[in-house]
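Chemist: Spelled out, the chains give:
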Amino acid sequence: EAGVAQSPRYKIIEKRQSVAFWCNPISGHATLYWYQQILGQGPKLLIQFQNNGVVDDSQLPKDRFSAERLKGVDSTLKIQPAKLEDSAVYLCASSLDSGRAYNEQFFGPGTRLTVL
Amino acid sequence: KNEVEQSPQNLTAQEGEFITINCSYSVGISALHWLQQHPGGGIVSLFMLSSGKKKHGRLIATINIQEKHSSLHITASHPRDSAVYICAVNGNQFYFGTGTSLTVIP
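Chains A and B are the protein sequences, given in the same order. At position 8 of the first sequence (counting the first as 1) the number is 8 in the working numbering, and the numbers step up by one without a gap. At position 61 of the second sequence (counting the first as 1) the number is 177 in the working numbering, and the numbers step up by one without a gap.
Okay, chain A solo, but in the shape it has when bound:
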């Protein structure tokens, strides 16, 4: 079974530039998560989708971050414009059903973003 795919694996940009990350979850997984993990910290949930609907985006900095999952399958996360403090690993995960239930998440390899 293919795992969660993410691209790119690495990205270096200058502050105020824009960047987009892509995630393809495991086939059949209804729930998709985007996390931000700053060096030395645990992952922080940015947004959770159930199919193509948003379940939780309370910690997403909506002035600069946006995410979509239009067809309920793959998803993109965008940062516009980027700030230095956005340097982090962006992890995508998926699970079979709602994250509120008894459920296991499967993680992608992450995208390491460096903002100069």
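These are computed hints drawn from the structure, not numbers from a lab. Since no wrong hints were added, every one of them can be taken at face value.
Keeping only pairs whose Cα atoms sit at most 30 angstroms apart, straight-line, the calculated DSS-like set for lysine-lysine is:
| no. | chain 1 | residue 1 | chain 2 | residue 2 |
| --- | --- | --- | --- | --- |
| 1 | B | K170 | A | K44 |
| 2 | B | K171 | A | K44 |
| 3 | A | K44 | A | K11 |
| 4 | A | K78 | A | K62 |
| 5 | A | K62 | A | K83 |
| 6 | B | K169 | A | K44 |
| 7 | A | K44 | A | K71 |
| 8 | A | K44 | B | K184 |
| 9 | A | K11 | A | K71 |
Using the hints, position chain B against chain A.
Modeler: What follows is chain B alone, placed relative to chain A:
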């Protein structure tokens, strides 16, 4: 205050030692997860449990729901076990600990 606290933050062990990593949480949960993160950044789910004990090879995870505490044990540790181990819980949302960085020296 973090909803999930792990200890220790850093741990160095000699190959073959028995290792314990602890996790305490303050919210009501439906499940607790132990995750392993290698230096490249990828995360692998080791265990998901809501009661009792689970064992996979040299790894054992236990949870005490009443005390809101879980432990991850590694028996006969090996250098390839070196990684960051993260405890996460399903509450009304996912909460993650900051991780325990384990280094096993040959």
